[in-house]
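Line order of the protein sequences matches chains A and B. The first sequence begins at 1 in the working numbering and counts up one residue at a time. The second sequence begins at 1001 in the working numbering and counts up one residue at a time.
Bear in mind the hints are in silico, worked out from the structure with no lab data behind them. Virtual Cβ for every residue (Gly too), placed ideally from N, Cα, C. Incorrect hints may have been included.
[To be verified] Chain B stretches covered by chain A per the calculated footprint, using a threshold of three residues with CB under 8 Å from any CB of chain A:
1. 1006-1019
2. 1229-1235
3. 1272-1283
4. 1379-1385
5. 1404-1411
Here's the letter readout for the chains.
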Amino acid sequence: MSRIADYELGESLGRGNHGRYYKAAPPARLGLDADVVAVKVLDQHAGDDEYRRFANELKLFASVRSPHLVRLYDAGHQDGILFYALEYFPLGSLASPARELAPGDVLRAVAGAARGAHALHEVGVAHRDIKPANVMLIEDGGKLSDLGLAQVLNPGQTVTGFGPIGAIEYMEPGVVRGDPASRASDIWALGATLHKALAGTSVFGDIPTDDVLSALRHVLNTSPRVSPDLDDAARALIESCVAPAPEDRPATAMELAERLEVLAT
Amino acid sequence: MSLAGMRLAPAPGSGVVARWGGVALAAAGGDAEVRDALVDLVRTAAAEAVPAPTVAHRLAALITSTEPSRLPSFAALVAAGDAVAVLLRGDARLRAAAGDDVTELSGADRPTWVDDYLRSYETVAVACGGAGIDTAPGGWDLEAGVVQGAGFTLVPRGAPAEAGPEPEQEPEPEPELATEPEPEPEPPAETEPEPEQEPEPEPEPEPETAIEDVVRSFEVVDFASATESRSPLPVAADATQDLVPVGTAPKPEEAPAGVLVQGLRCIRGHFNHPRARFCALCGISMVQQTQVLVEGERPPLGILVFGDGKTVGLAGSYLLGRDPGIDPAVGAGELVALQLDDPDQILSRVHCEVRLAGWDVQLVDRNSANGTFVREEGAEEWRRLASGDPATLAPGMEARVGSHRFVYESHHQQS
Chain A
1 MSRIADYELG ESLGRGNHGR YYKAAPPARL GLDADVVAVK VLDQHAGDDE
51 YRRFANELKL FASVRSPHLV RLYDAGHQDG ILFYALEYFP LGSLASPARE
101 LAPGDVLRAV AGAARGAHAL HEVGVAHRDI KPANVMLIED GGKLSDLGLA
151 QVLNPGQTVT GFGPIGAIEY MEPGVVRGDP ASRASDIWAL GATLHKALAG
201 TSVFGDIPTD DVLSALRHVL NTSPRVSPDL DDAARALIES CVAPAPEDRP
251 ATAMELAERL EVLAT
Chain B
1001 MSLAGMRLAP APGSGVVARW GGVALAAAGG DAEVRDALVD LVRTAAAEAV
1051 PAPTVAHRLA ALITSTEPSR LPSFAALVAA GDAVAVLLRG DARLRAAAGD
1101 DVTELSGADR PTWVDDYLRS YETVAVACGG AGIDTAPGGW DLEAGVVQGA
1151 GFTLVPRGAP AEAGPEPEQE PEPEPELATE PEPEPEPPAE TEPEPEQEPE
1201 PEPEPEPETA IEDVVRSFEV VDFASATESR SPLPVAADAT QDLVPVGTAP
1251 KPEEAPAGVL VQGLRCIRGH FNHPRARFCA LCGISMVQQT QVLVEGERPP
1301 LGILVFGDGK TVGLAGSYLL GRDPGIDPAV GAGELVALQL DDPDQILSRV
1351 HCEVRLAGWD VQLVDRNSAN GTFVREEGAE EWRRLASGDP ATLAPGMEAR
1401 VGSHRFVYES HHQQS
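Please take these sequences and the hints and turn them into a complete structure.
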């Protein structure tokens, strides 16, 4: 893959749940100041219906003007291959930060992502794919990137089978089973993301990586456990986020963001 | 000439050569473990008849997730209609010949990998680990499996042993081009039907241009155009607030389109299977509770996990097949279409249905030509379902349709 539409694709930035990211120069038609963007090319071939749903979802995302959401510059398809162009972050993401992060940096980054998620929730969009790789780092915080499009493209499908097996550790088990994504499921994912970034481990412990079925059986039959190494305040907050019953979690992502910001100071 | 119709003659060497169906691989050097992973990836892709672009993505994913020093050099070929998708990494080299026209590719040309489609070829030879391209292949034919080697040559079946890239041979040069243009609707490839003024039987100039042509047509989303607006997502409320006694309609303002079934609520109000001993949501014991059945919205009943990792949540009923959208029940919104890849045309357009009935998940064969099969967890034998006869799935049960398999998993019905 070296081109898509009028993007010349450069270095691969890694895989997402249903596609691959590349660094690319933005085409002149966008009139951007940025000289680098991140382009995501989806694995799945799309027909007209899929393209319409994809376009709708991304238009909604783009319509939300939040300083805590990554800018979406462009989206389209070429011969049934879907792509979109996003703001590029030289500092990387929580999954692969370009420099070492102190716990306070992690808390501020997740707080930023939670504010971004809240902005989406307020326009009726659930993110569905919050994980460390989608929390992009900026100087003093973080922004939420991308959207989970698996369900949008394939109604009913909760795990695409394309991404790394480990990505299911950030999915609320109810969503894996087919419950609709919600504020509460995104809040769950924010908690699991924070846990991974702070403790370095999954709330599900060691997930078998040999096949998807064992990994799914593990996450669907294991109660999330927060690492005892975390300090009490962070532990209590993460425990509330990954509580099995949605009504036990912070009611909104904004409430979570505010609690994280208090912890970070 | 499709890849599957060619004879594969392995070339000697210390690596591995593998082939299943429309997928062929040669790999040398690197970690044995990574080489095994590569062979597994290819074997799985062939078994599931995964489309060529997806195989290329999976290979690329394996490359990028592995330390370069541990990676073998390898060449992978995947049939894509009459074309062949090629991915080369490391010192792997490829030489494809069609008459006088020779294409040579080398993985060493790029720091990551080289990939492309071959559209015009009569013979294809690959070599890795520093071995030379085998121009005089032996008469063997690896039809399926793994052998030791460092490369291979693909020649049309029936061609003489060292047919090699001799231009004289030309097994069937004309029909080759005619069948060439597969899914791509690019006009340049199809100059065939045009009664223009060029009768030269020049069989090519497009292995390179084909990809460039595609680049010209694309469509972008107009972000400035109006978007639908949605209301904010609801905030999770205490489930005990909306307890509904049997026979009462749900509150009109929530009116979920869900199906109502009878079940038990845990002390916190979460709706459960009538025989549940623990709440499926919060885990609280339900044994002590008064077992009064109430009506509630049916929760998702479990998941179907496919061999490639694709997972489907059973919040509703599904229709599976090669083209299930043709069934009127899909248009009417009663069933969700789950279209499955089927390059070998084993599936019927409408093949089987996964039907939610009360708290049960049933599998129903819909008069498919090649059948729907199930087996219990741990069992060897597959059982073919009688068409139209619903079989209730138990958690752990596996089903097979065409080249696809899926396992049903559920956390409900702990009776």
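- Taking a Cβ-to-Cβ distance below 8 Å as contact, does the stretch 1272-1283 of chain B have at least three residues touching chain A? holds (count 3)
- Query: the stretch 1006-1019 of chain B covered by chain A? Criterion: 3 or more residues, Cβ-Cβ distance below 8 Å.
  - Reply: Per the Cβ count (0), the hint is violated.
- Message: Can you tell me if the stretch 1229-1235 of chain B counts as covered by chain A, using C-beta to C-beta distances under 8 Å and a minimum of three residues?
- Response: holds (count 7)
- Task: Confirm or reject the coverage of the stretch 1404-1411 of chain B by chain A under the rule of 3 or more residues with a beta carbon closer than 8 Å to the chain's beta carbons.
- Result: holds (count 3)
- Query: Mind checking, does the stretch 1379-1385 of chain B have 3 or more residues with a CB under 8 Å from chain A?
  - Reply: violated (count 0)
Comparing the model with each earlier hint shows violations of hints 1 and 4; every other hint is respected.
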